[in-house]
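Q: Okay, here's what each chain looks like letter by letter:
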Amino acid sequence: MADKKIKKPSIIKDALSLTIITIICSFALAFVYELTKDPIKAQEDAKKNEAYEVVYEVADSLSTDEELLQVAKDMDLSSLDAKYAGITIDDVIQAKDASGNVLGYIIKSNTRGYSSNISVAIGYSMDGVVQGIELLAINDTPGFGLELKNSEFIDRFKDVATDQFKLTKGSASEPNEIDVYSGATITTEAVVNAVNAGLTFLTENVAKLGGVAVE
Amino acid sequence: MSSGYFVNLLVIAISAAFINNVVLSQFLGICSFLGISNKIKTSTGMGFAVIFVITLASIICSLIYDFILFPLNLAYLNTIVFIVVIAALVQFVEMIIKKYSPSLYDALGVYLPLITTNCAVLGVALINVDNNFDIVESIVNGFATAVGYTIAIVILAGIRERMEHNDITISFRGFPITLITATLMAMAFYGFAGLI
Amino acid sequence: MNKLKPTNKLFKNRFFERISNGFFKENPIFVLMLGMCPTLAVTTSATNAIGMGLSTTAVLVLSNVIIAALRTFIPDKVRMPYYIVVVASMVTIVELILKAYLPSVNESLGIYIPLIVVNCIIFGRVEAYAAKNSVGLSFFDGIGMGLGFTLALFLIGSFREVLGAGTILGFQVMPKNYEPVSIFVQAPGAFLVVAMLTALQNKLRLPSATNGTGKKSALACGGDCANCSDETYATYHEVETSKQAKGKED
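Residue numbers (this note's numbering), protein chains in the order written: chain A, 13 to 227; chain B, 7 to 202; chain C, 4 to 253.
Same shape as in the complex, but just chain A (with noise of 0.2 Å):
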């Protein structure tokens, strides 16, 4: 507040006291962020891991492939498809069985709905079938968005055979076409995009994979 008839000694002084206060706030927020730090990171790896499970059930074990994961760090996704553009990868893991047999590989990639980023976990069989998706990050408005979390949903993409997904409206009939969730086009398109982003990812890159092509 610009009054003029403030004496000089009280702006220092109400500058010093303000400038004291934030310090010690500043103390503070360090102190308590130092402390949750590492329980933030953990949380943000336990949920990542138990939608790793999720998506593959039938593995033992599962490890980064940190090859592959740089080859995807590396890759601009939209060189295989246009519609990949703004489609991260920031996961490749190996699911593997009980003695050490590489089953499949589990993708996490990211992409924009239309008012968050979302983040979807795919895995996908040596032999090309998806084993389920997970949505771990999705923040879209109540209602129409979040419904996609739902249960049905993800359900259509799990056990099925294919190397890329359909969009459709309202009339799947084959394994691999989606419907576009009513009210959310974009974030069903994106959650397609990115599943197919990862597939086609999977495909390109790993030579033993079996990839059955759609009748």
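Don't read these hints as lab results, they were simulated from the structure.
Calculated cross-link-like contacts (lysine-lysine; reagent style BS3-like; alpha-carbon spacing at most 27 Å):
(1) C:K102 - A:K49
(2) B:K105 - C:K80
(3) A:K95 - A:K181
Go by the hints and put chains B and C onto chain A.
A: What follows is chains B and C alone, placed relative to chain A:
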């Protein structure tokens, strides 16, 4: 690439202004939305003040986040930094336009102090960060959100002006009927969900 | 004007009086109509409502205690920035703790957690109560107001959840064949439920800031934003206008 980027900006703008309308679907800035929507003239004034402040706040908060908080790993401080910046910004803007443009001050000045506590401003800054918007996207999102606010408050004011002489059941007079109007507007705005 | 007044005799303890005040006499949502933003936004389910209510309570209690403890040191001219810094820090602390130990709550409440900073209840109580009263009283005032807020959010949230999803706290309470009226958990439902609530208060002549019978809070925000600015900015505008008047006299 560039055309894709513009489409992306357009989607952000439409979604911020209509589909995820800041008041009607996100409930930010409700207080002023219900409080000063009795006349179109004041609503328009408030609307323009909000557009001005939100756009400016989006630019500044986004710059601070991208160049100071994020590189220094201080992202957790964003709430406190943003609110302090917004409060200071509003005061500062008020002083500047008072000094250099008295006519603008007459039009917007009275609304400026109300904006600090308007959660839409802080809300937009936080949404920009949450969605990893870059600076251009943040500006577009901020501007469009504020335009959405202005559209909503001016429509509500228009309806309230018409209702002034209507015969409304006593229990519903004032606040309740305004909320009912807002209900119907929120339903109408759901129609925009089909746009994209 | 206030029907609950006679019962005050029962609450001899001043601390207890503070708590009952927050629950009944000055319930922040039902009576003071403060904090409309979270009232409308996070009452989509009873669980969200409780999460929001308790987070707000924590912030309110912490801020009240700190401001009350510092009240003699805070220079009057810069008290608003003071409050902003303290409240925002408390909100960040609560947010970090939620992220670490209750991530699901933090996720479902999203940006409404940091937005507690601009919740009128916090500034309202800090300015109108904590800045003038002792630490102990302010603590209980925070508890009372916060829990009153939580209770009100919970009631509205349960109501919306029952009609909109047929459940309370996730448990099925409506008959199996009940078709949920999903509009109640969506945006229009929020406005509708609060509209009905205030209409009911008017009908029953219950105290509420919206019909002018309730006790006016220094920072009542809900019905009329002009009130929102009362205490915070009225002083400022008084200063401005008196300055202008003085200028003219000179």
